[in-house]
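Colleague: As a plain string of letters, each chain reads:
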Amino acid sequence: MAKITVVTSGKGGVGKTTSAAAIGAGLAMRGKKTVVIDFDVGLRNLDVIMGCERRVVFDFINVIQGEARLKQALIADRRLDNLSILAASQTRDKDALTTEGVEKVLDELSQEFDHIVCDSPAGIERGAHLAMYFADEAIVVTNPEVSSVRDSDRVIGLLSSKTRRAEKGEEPVKAHLLLTRYDEARVTRGEMMKIEDVEEILSIPLLGIIPESPAVLKASNVGTPVIFDEKTPAAKAYSDAVGRLLGEQLEMRVQPGERRGLFQRILGRTA
Amino acid sequence: MSMFGFFRRKPQPDGSADAAKERLSILLAHERTGRQGPDVLPIIQREIMEVILRHLKIGKDNVDIRIDRGDDFSTLEINIELPEAGGAKPKAASSAR
Ligand SMILES: Nc1ncnc2c1ncn2[C@@H]1O[C@H](COP(=O)(O)OP(=O)(O)OP(=O)(O)O)[C@@H](O)[C@H]1O
Ligand SMILES: [Mg+2]
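These protein sequences, in sequence, are chains A and B. Using the UniProt record's numbering, the final residue of the first sequence is 271, and nothing's skipped along the way. Using the UniProt record's numbering, the final residue of the second sequence is 97, and nothing's skipped along the way.
Chain A with its partners taken away, still in its complex shape (with noise of 0.2 Å):
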């Protein structure tokens, strides 16, 4: 039985592909048999951030509809062979993305694959509520900002009344808090919320806090999730991450920014 790990966020535009795209190449990378389903219909972009875009032949809709086999649908990453990417249709309706089709999915997935991680679109419709509907944890994206801490409240009630572990009264979905973008330099200026701000708030468990990086728009340039770029802070705190959601106990360090030069880290520090 895999574990299914919905990545979502309500506010679109926090880095929940980025992160989804890190995380399952993350898991992977600690040997777990992982696949990251994009469930962005109309939208698709983890193909891109996971660079298979190339190879795309079937995707999700075409599995639902009984067009193509799962099998057939599924990518294999070229840099690990225990993982694989299912995409998103580019030109279905959502409508199309029925609750019996995914489960039927997942449950094909589930006896296949150890872990099974869901990119949700933005928002609290169809293809957000499929994504974390059968889901056995929740990474909740959020940046430091009040619209996404607002947002995550928001899905984080979604959590817990509207999947199928809550309407069924088992355990609850196990939520994480994903902190992203953060940005050091201006917490300190008194820009940003604090970490222990956004916690307090939003009161589940921290599972990392991903630096505002530049290596971020690099990795997508070239298709490659920022977590292989392993040197980058932004790599290191999805490490991290990843070995969180394993079960690790790890200390939570937060990743220098990598745009403050030596000036700004000595001004930062003597403030």
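Don't take every hint at face value.
[Claimed, not checked] Using 25 Å as the maximum straight-line C-alpha spacing, the simulated SDA-like pairs for lysine to any residue come out as follows:
hint: 1; chain 1: A; residue 1: Lys231; chain 2: B; residue 2: Gly15
hint: 2; chain 1: A; residue 1: Lys71; chain 2: B; residue 2: Gly15
hint: 3; chain 1: A; residue 1: Lys71; chain 2: B; residue 2: Met49
hint: 4; chain 1: B; residue 1: Lys60; chain 2: A; residue 2: Lys231
hint: 5; chain 1: B; residue 1: Lys60; chain 2: A; residue 2: Asp107
To be clear, the hints were calculated from the coordinates, so they are not data collected in a lab.
Given chain A, put chain B with the ligands in place with the hints provided.
Modeller: Just chain B with the ligands, lined up with the frame of chain A:
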């Protein structure tokens, strides 16, 4: 001027922006041409299946279609796993939809 150019380029030594542009132009060229018609790959797959099934008893699972979209050309790779004598699945189970 050349000196400014030199300094300005320095912070971007990875050249990943060029990779981004190249990937996008290939991707979008394919997406734009595909936008009008229906999803042809499921149709191609079904028709190939029909031809094969006329002659061989194989299952849907034994056909694997892979694509690699390129700049100048794309490759479509179709792998058909042929059954061993007597090892074929019943025909009914392999009707392509
Ligand atoms: N840690 C980071 N540092 C810098 N930029 C980042 C970081 N994380 C994400 N980004 C940038 O933020 C943008 C949105 O990221 P991403 O596509 O992962 O978000 P998303 O939540 O999946 O968006 P959507 O809601 O549209 O699906 C991208 O341009 C990405 O490069
Ligand atoms: Mg996304």
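Colleague: Please list, smallest to largest, the hint numbers that this structure does not respect.
Modeller: Violated: hints 2, 4.
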